[in-house]
Amino acid sequence: MSARLEGYGRLIDRSKRVSFSFNGKRFRGYGGDTLASALLGAGQMMLGRSFKYHRPRGLVASGAEEPNALVGLGEGRRFEPDQRATTTELFDGLAAISQNHWPSLAFDIGEANNYVARFLPAGFYYKTFMAPRGAWAKIFEPFVRQSAGLGRVPVDADADSYEYVYAHYDVVVVGGGVAGLQAARAAAATGVSVLVMEDAAHWGGRAPVDGGEIDGMAPGDWVKAVLEELENAGNVILRMRMQGTGVYDHGYLLGYERVADHSPGDGRPRHRLWRIRAGRIVTATGALERPLAFAGNDVPGVMLASAMRDYLVNWGVAAGRRIVVVTNNDDAYRTALAMKAAGRVVAAVLDAREVVTSPLAQAARAAGIPVMEGRAIAEVRGRARVKSVLVTTQKGAGKAGEEIRCDAVAMSGGWSPVVHLWSHCGGKLTWDETAALFRPDPERAPTGADGAPFVLTAGAASGALALDACLADAHEAGKAAGKGAGGKASRKAGPKASCEAEAAIEPVWIMPEGAGPEKRMKMWLDYQNDVKVSDVQLAAREGYESVEHTKRYTTLGMATDQGKLSNINGLAVLSQALQQAIPQTGTTTFRPPYTPISMGAIAGEARGDLFQPLRRTVLHDWHAAHGADWEPVGHWRRPYAYLSAGESRAQAVRREVVNTRENLGLLDASTLGKIVVKGPDAGRFLDMMYTNMMSTLPVGKCRYGLMCSENGFLIDDGVVARLDDDTWLCHTTTGGADRIHGHMEEWLQTEWWDWKVYTANLTEHYAQIGVVGPKARKVLEALGGMDVSKEALPFMHWAEGALGGFPVRVFRISFSGELSYEIAVPASRGQALWDALMEAGKPHGVMPYGTEALHVLRAEKGFIMIGDETDGTVIPQDLGLNWAISKKKDDYIGKRAQARAHMADPERWKLVGLETTDGSVIPDGAYIVAEGTNANGQRNTQGRVTSSYYSPTLKRGIAMGLVLHGPERMGEEVTIPRIDGAEIRARIVETCFYDKEGAKQDV
Amino acid sequence: MLILECPCCGVMADETELAPGGEAHLTRVGPEGSDADFESYLFDRKNPKGVHFERWRHAAGCGKWFHAARSTVTLEVFGTYPAQVTEPPKALLATIAKKVPGWEGWQ
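Chains as they are written, first to last, in the working numbering: chain A, 1 to 1003; chain B, 1 to 107.
Bear in mind the hints are in silico, worked out from the structure with no lab data behind them. All values reported here derive from a predicted model rather than from experimental measurement. Don't take each hint at face value.
Unchecked claim - List time: in silico SDA-like cross-link candidates among lysine to any residue, alpha-carbon distance up to 20 Å:
no., chain 1, residue 1, chain 2, residue 2
1, B, K49, B, V100
2, B, K64, A, E751
3, B, K49, A, E751
4, A, K895, B, G30
5, A, K756, B, P82
6, B, K64, A, H743
7, A, K790, A, E800
8, A, K889, B, R28
So that you can see chain A by itself, here it is in the shape it has in the complex:
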């Protein structure tokens, strides 16, 4: 089988033995190996099974385009599925497992799919899993789930760390092959800053494998010399193992650096996501070889000619002892010659072209390699490994002729420039008929903020495949990029390169061209997704004329392929089937990332404690020390309840509610928004912001206000206090503070910019403590310093003064229906005031209460809560809040919208209270059903529950809901189904359940 060859392997270090495992079996490789080269070097040709038919699969490629050799890598907290063996650097202790097979790679049950393949064509799932509907959940879904997905999802939390890097460069070159290095050199000569990133762990790309001469040197030597020059240039940064992943608007580029994939657990972050702004981006991303579509082109042992050459030259691995080369262009002869020189038997070169006399072909003949012109492969024989090929003529229908015994096939269908990064931000392509490839069209480049193109292509990525043309193109691209990014003109000449002259390619999309259905069903276009020539042709016959639709119908180019290997062949076959030219069909859209990147890299440092910023009130630590059961509210954490020992959440909430109603509760209300609005036009402005009249609010008084959007919907509420003649303090909801401040600023800055008003969001400047309950006044009196009597400080008034030595503003407002003071104090004094209140409250049974008790207290009083009673579709009129809408004002934000026909419709659901007949608690969000069913067989609805709680005060379930004609239906009973199918009966009542006269709060 395969073997390592002495004298080959420029990337491996034979003195460094590396041990690893594949499917539990131990293997040895060398330093510098990839997992793919090490496995191939150890004779392991079959590396996985295909997704749909579970066919045995081996290596096809040697780089990022590899479709088959995807493995599960690592173990436990470092396990990751779908890692490409071809781009995985080998390290000591690496553990890999193959995918898509059960129970083992060699013997697989799912391979049965292969024998029913003719019954699983494109669109099989769409056509099959339609009816009966009853089978969707029980039969179809489990079946589809069973077959869906590539690889196994990791179970454990990732052991590694990841980070972001932010960077700015004048020019970023993506690709460190000879084109990229020359482009960087030319750009650097203009004096700008340059970053060069190379996906692989070595520089120079393909050139050292492909040969030729640059400035009188072998490409490998030239690469070394240029690297040294760039390292010493002072304005060039070189990064290996870093991929240009995506190009976005205005020169934004994502780089994906695999820092420690090859040295796991060494303490460094595993990956870095580079978020780069570049003046100009040069994509020197090279080209990918295309497979040829012949019957059996997926049998392990059939690989790209360039890949076979790579394994030989880079890693000293011969993919076979006796090989056949099949091609439509000259480049594959390089593989034939290299393999022959390495002592392998090259049984034949089958060239689809009728006459081949180019220097490379002549060299092959001179080396004694049989060159068969006008020939094609009729069929590959072998199952888990190539055994032989049957030869036929390219022009015919595939009548099998001579059988050539071989254990590997090198194929070349020509080359396609890697245009992904060019295309990400809108760069367009043009079809080059002669070279049979799509190349970037510089006339239709992605443009930046200045209107100039910001992406340039260099070398093979431009379609300049020959070494001399490639370097000339790269030199020009680098120069232009440097200049475009603000560099000075450079007259430095590019390098002089030479290589063998090549004869023209002859496009071959199906081999042989007249192949019948039996053969077309065995011609793979997309190995990973098991899409064959016959599938694309079927899609065309069924009317999928757009390449995008065909892609989705057949899954061609899905998953990790994304237009790398399968794209051009697939769309050429589609074009033939549709009898139209290839450019007319076009390509599918290239989207980032170029290859899949890790979730960890995307998340960066944002995990665990750093997931998002946490806002804490000044009392946060006190809450934590006193049993706070936290609830996230926006970015804040607020105590849901304070749990005493042995107490459940529900028990704590009940205790807190009862104590507040009977004695005294303390609430940390610091998170409530506090926006100061000030200026000669502040009153006029607030009259526009609120539905209420705020300009007439007397100094010293408070008013509950509603705020709507221009669409008329209720967006926030809160108490407004007038501080002095031209100053108002607007309280907002906790979650609304920033949003409402932004809303005010938007109107001030963009509509009424001539009004003299300033706003300031002072939310965090004050701690605010609610002192709530019948004994509230007693506590404040105990602190002393201010007259807090009913006469001096009546309900809905506020006063400034000193309480127990603290400088405070005291607001007599109530969200509980109890006697209540909200005390604002500079944030730095918040804890001290809280402590003083707790101490003074001791004789009065003081207890802190959390957000859930707050909710229950307000619901018992029928007070609405933004986000419960509102959901962005509710107007104040729906909630019976007409009393808070000024009739005297000509205008306010939302007024016109509330006059629209749908808003004024009497059929809108209106807020009422709901009292269950059995005292139970209605599930939150439940619907109130009406007679009959809708077109989907679901019960008609006539309302929904917006808030629902157990009321410890009334010892029963209480709720509020929006109900059709609700306020006119007092006393009527309605039905509310539960998810478990049971039904609850509830009576429509007023929204206020407790102390309807409001006597308790106004004492």
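Since the structure of chain A is provided, determine the placement of chain B on it from the hints.
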């Protein structure tokens, strides 16, 4: 990931610092407006393929609203200017007219 220059603080701001605000230079229709006018003010937007005048807020920066003239096709930014105007600056309109042949104007 656009970059726009905030005309208030002068920062070349990344899109992550900015909050979008839709089409610029809308005229507010108040309680006196007809149903059709109000609907148009609330919902009708130009959505052009080409030159677009739009509102942005330097939300994670100085907090100021500003306007930007930008091509939705090429992503070229013709200019940014303060929001406290009812129409784009004349010099900017001249620049755009010169750069975009056949442009029909901002209204």
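Status of the hints after comparison with the structure:
For the suggested pair K49(B) and V100(B), the alpha carbons sit about 12 Å apart, so the restraint of at most 20 Å is met. Among the hinted pairs, K64(B) with E751(A) is consistent with the structure: their alpha-carbon atoms are about 13 Å apart, no more than 20 Å. A hinted pair counts as satisfied when its Cα atoms are at most 20 Å apart, and K49(B) with E751(A) does not qualify at roughly 27 Å. With a C-alpha separation of about 8 Å, the suggested pairing of K895(A) with G30(B) holds against the 20 Å cut-off.
The straight-line distance between the Cα atoms of K756(A) and P82(B) is roughly 18 Å, inside the 20 Å bound, and the hint therefore holds. For the proposed pair K64(B) and H743(A), the alpha carbon gap of about 12 Å is at most 20 Å, so the pair holds. Of the supplied pair hints, the one linking K790(A) and E800(A) holds, its CA atoms being roughly 15 Å apart against a limit of 20 Å. Proposed proximity of K889(A) and R28(B) is supported: the alpha carbons are some 17 Å apart, at most 20 Å.
Hint compliance for this structure: hint 3 alone is broken.
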